[in-house]
Amino acid sequence: MLLSLLLIPLTAAGLIAVTRRRVLIELVHIVAAMATLGVAVAIAVLVWDGNLLSAAGNLFRVDALSALMISIIALLGAIASLYAVGYIRAELADAHLSRIRLFFLLFHLFIFTMLVAVTTDNLGVMWIAVEGTTLATVFLVNLRHTRASIEAAYKYLILSSVGIALAFIGTALVYYAGAAKAGEIAVNWSTLRAGAASLNADVVRLAFVFILVGYGTKAGLAPMHTWLPDAHSEAPAPISALMSGVLLNVGLYAIMRFKAVVDAAVGPVFAAHLLIGVGLLSLLIAAAFLVAQGNYKRMLAYSSVEHIGIVCLGLGFGGYWGVFGALFHVVNHALAKSLLFILSGNILLKYHSAEIRDVRGLMRAAPWTGALFLAGILALIGLPPFAPFISEFIIFRAGLESYPLAAATGIILLLVVFGAMLASVNHMLYGEPPADLARGDALRLWLAPLAVNFALLLALGLTLPAPFEAALKQVLLVLGV
Amino acid sequence: MIGDSMSAEVLSKLVNLSSFAALGLTILLIVRARLEGQVRVFGLQSLILALLTMLIALYTGSLELFGVGIALLFVKAVIIPRVLNRSVGKIGIVRIAAPYLGTAPALIICALLTIVAFYVMAPIAKSNLLPTKDAMPLAFAGVLIGFFIMVNRRRAVTQILGFLIMENGIFLLALLATYGVPFIVEMGVFLDVLVAVLIMEVFVYHIKDNFDSIDVRELGILKE
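Line by line, the protein sequences are chains A and B.
Residues in the first sequence are numbered from 1 upward in steps of one, following this note's numbering.
Residues in the second sequence are numbered from 1001 upward in steps of one, following this note's numbering.
So here's chain B without its partners, still in its complex pose (with noise of 0.2 angstroms):
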């Protein structure tokens, strides 16, 4: 088993610099302003996910958490960037991602967020005994910024990119800090996620065919 030869110590380097890359992935979803672009940031970070999880499966010995790995690089590296890919194919030429705050001021609140997420999550690690607990903090951060891009967007492509984002988040944070939920609630999860973007994939093409746009501002019939 290769738990025997990697001790704690490289694991936890090396969890460090995926945990980071995966982070440095989710701010240069920010930059990049070209969708198709986008959407292979989030497909690489859901590859880096997938491995990670697997090294971890190897050093526990886990098989489920290897099936884990497995599913996750099926599901969110592969058929989830193939979805989004259609629909930006589909959706014409507006391509450009129309954030509400410019790149610098969304950079700004991206530093802030990740103080705030050391602040949170460093001393509710600090009790943890895995060798993976240094970067929950950095999978944290992943999470908040996940959640800034789904409200910075206008674009229902791009909420949908800021969604997907949280939610690999959420999978690193519960990845360092437990391995993993079950394995059935992975599954499950996975499940609901697909679904939920096969779901969205189909709104975003109901706006686009009744609203001309997939401008979300567009959307404001239902005022008070």
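For reference, chain A alone in the conformation it holds in the complex (with noise of 0.2 angstroms):
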């Protein structure tokens, strides 16, 4: 089963390679999408019932924290590919076939390389997948090829692969650290945890620091983020919708992996503070960016970078209730954040424009878009009823017992970037639209999927499901915490 997980993507991607007809394409593309949902969703369930898959020998090995994974990239996966359909018919109208195949093709690919990052136990295949998310995706980002489209992936592709490369380096040390103390090649995370004690602990020290910075590329952190906000603001917005909530995600899973063999190696307190570091200058260099943001794009790109903060933030302040709401606070972000990078596809056909002073009256001219994307601005910007508010005062709550200084200055941040975005937002939604814009949402019936989105956010900010937290305590337990 966990095999077939794999095999869907890639088996889609090269039947979209060889399909000559749109319509096939998009068919292969649903079924594949669907298909990969249903799988991820059966082996998330017997994983969260106490199972622990493996396949491959001990190439690939599913645990509670590949489990959550899965189901992020198997869900906000299957939504986008909906929207993606129509999102392509409307903005590739004209192209040539070869560009569509292309399109699709890549998407399933960029799923495949994502779904083997999150199951395999190998550290060094996992880096193997995480550099192919980035060979994936290139293409993507530079799918309109225009001028700052090409900018935008080649800095992209240059600043990822340095990153990944610094990344290897530390998979390259904690090897080091496995193989020269215990005498025996290891380099599979599940090892590497069970023997984490007789590693030498200088080695793993410089090695996470390497780790870090390497992933924390991928993931989107300060200082290394500057492909970020071009990258996702040019990428069409299906695949800006994957990459910001799903893609970072991955970078993040590789350093929590490494963080729980680091932990065991040299104790809690040297990843925390780094953690809290580069998660307080992420914070700060978003919120930075945030205030006067032109670009509505642009502006969900910062508000990841901020995210992605927190979620350090929860990971450092540690402890049991900063590392369940870090956890918490990534299925959040991940479907607010995909919810609203649908939606500026949708503004975006609409208004033909990313930059914030040309979008005015969105209520008005297209209410179902102008609504979803007012309640994702007001769940991603940690407003109550949604679901982010809950995780994010997790925790803060968490951080003030344990680093009240850095908790409080992310609070501060965290008002900053409120009110920024706050400001942005109500210059698109209310006003008097454009006197020739036709009324009406763009794609208005490809927005349904959209409706998980929103339900999910809101069905998790108001109650706690058991079966939810039961298997965020498992991924806790994954974790060592």
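Lysine to aspartate or glutamate pairs mimicking DMTMM-like chemistry, simulated, CA-CA at most 20 angstroms apart:
1. B:1126 with A:202
2. B:1090 with B:1201
3. B:1013 with B:1134
4. B:1208 with B:1036
5. B:1133 with A:202
6. B:1126 with B:1009
Output of the computed footprint for chain B on chain A, the stretches with three or more beta carbons under 8 angstroms from beta carbons of chain B:
7. 123–136
8. 148–157
A few chain B residues that don't get close to chain A, going by computed Cβ distances all over 12 angstroms:
9. 1021
10. 1051
11. 1114
Rather than coming from a laboratory, the hints here were simulated on the basis of the structure.
Just so you know, these numbers come straight off a predicted model, no measurement behind them.
All residues carry an ideal CB built from backbone N, CA and C; glycine is no exception.
Both chains are sitting in their own frames, so use the hints and assemble them into the complex.
Here it is as structure tokens:
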């Protein structure tokens, strides 16, 4: 079953590559995305029931943390895949078939590489897969092939490759720490984690610095975040949704895996201080660029830097509630940000501009888009009754106990972001829409899947369902919290 | 097996020698102004690393490591230099590397980075029992200087070269520290690097076609 999860997107990519009719391509695309979701849910249920899945020797191994990531990837992948069909019909209406084929092919390769990254037990293979996510998405970022998108894609490719190269040094050093002490060859996470106490502490510390900077580049952490606003704003909306909502979490996932080993080897304080440092820096930079941000896709992108920073703060504050809040926030941010990026595609189709000053009266011009956008923004800036409010509350509550100064600084920066985003969105939603703009939502029916994001954000904000809480608890056990 | 006839001491000397040569070539890349020369320097460095890998494979009797050496030879000493030469040929007359910092200050920075590398890596290498451990700081210096080359160069092609030099340094570091990472991982990394370079090449052409230059300073549309 685990292998079929990986084979579905891979097969879909292969089929799309040889399909000559647009309708058939779209059909394969939708069927594959739904099948991926189905298998992912089945796997997640099995794993959260207490089973541990493995395949291909010990190359692939799915525990509760992997299951959480698989669920996020497959669910948001399915939602984005539905919208992508409508969006690509509108955006690439008269494009050559080969470009449309390339889009859907890379879409599934992208999903495939992310799934490999979160299901393999081998940290080297995980590295290969994470680099694979960059290679799969770089042409997607450049899909529109303008000067701006070429620049964004080139920057993304170079910076991510360098970042990930640094992560490889970290991986090799962890491997070295394991091989040098235990006398056995081990680059598997589960064996490293089990034997962490015998690792060379100095090597592990140095390794984690490289891991944090390296995978932090993929996760969008400051100061290696500079590619992110460009790439996320230039990519087509369904891809932005996946890059911001899902791919950043894959980078975080890698950091979490290594942190579990490092904590067991040298104690939790070392990693915690580093994570709090980069978390606050990310928050600070995001806040600085969100004030008076002129482009709504870049606004959403900087908000991702902010939220990944918040997750890092949660991981750094530590303790049961700090990490619980961080995991919860990963889910919430993924739901809210993919919703908003998909809607940003709708706004772009309507107003043909990504500038905030060009967008007026969204509520009247496109009521569904506007209302959902408002709900998503309110969720994102942490207002009740939406779930991010709860997870941020949990994180900063934990922080005020363990690191009060850092937590207080974080809260102040959150307030700055709150005001800045509200001001921008206020300009977009209200006022008089341009006179020559036709009323009505673009792609209204294609927005229907977003009901899932909205319902989950609301439901998780009002109650904490027992199965969800149990699943997060199991992830905490995996991380050794 | 050669491992019996070659002592750890001899291997250690050969490793140090090749690592010095590899670092020397990295620094030579800064001095060389023309792109063709830089591609040759990179190819030569990859060749040295491949030979060193095979030597260590013979010493340890590891067939897998020997395979890694052969793959390295093909990917980094043959295919990638060809790809780079092709793009250097296509981008026309502008073939000077055009760094931000001139040669002299760049060399001083290289010296500083090498000192940093020894400061960071020498204590880490101390606990290692392999005969290859002494050269670990040299490999790390190569990584740092590769990184510096990337940020110091304006031309897209030289940024790619900096990335590749950095990759070589990382490969050497892993080779010296633990005789490389497992076979499947090395192969996957080669594949990733190869695909990355091919995609980067495509973007060099895109930049050339759309910006009339491969100077990455021209890339300045996406401002706040």
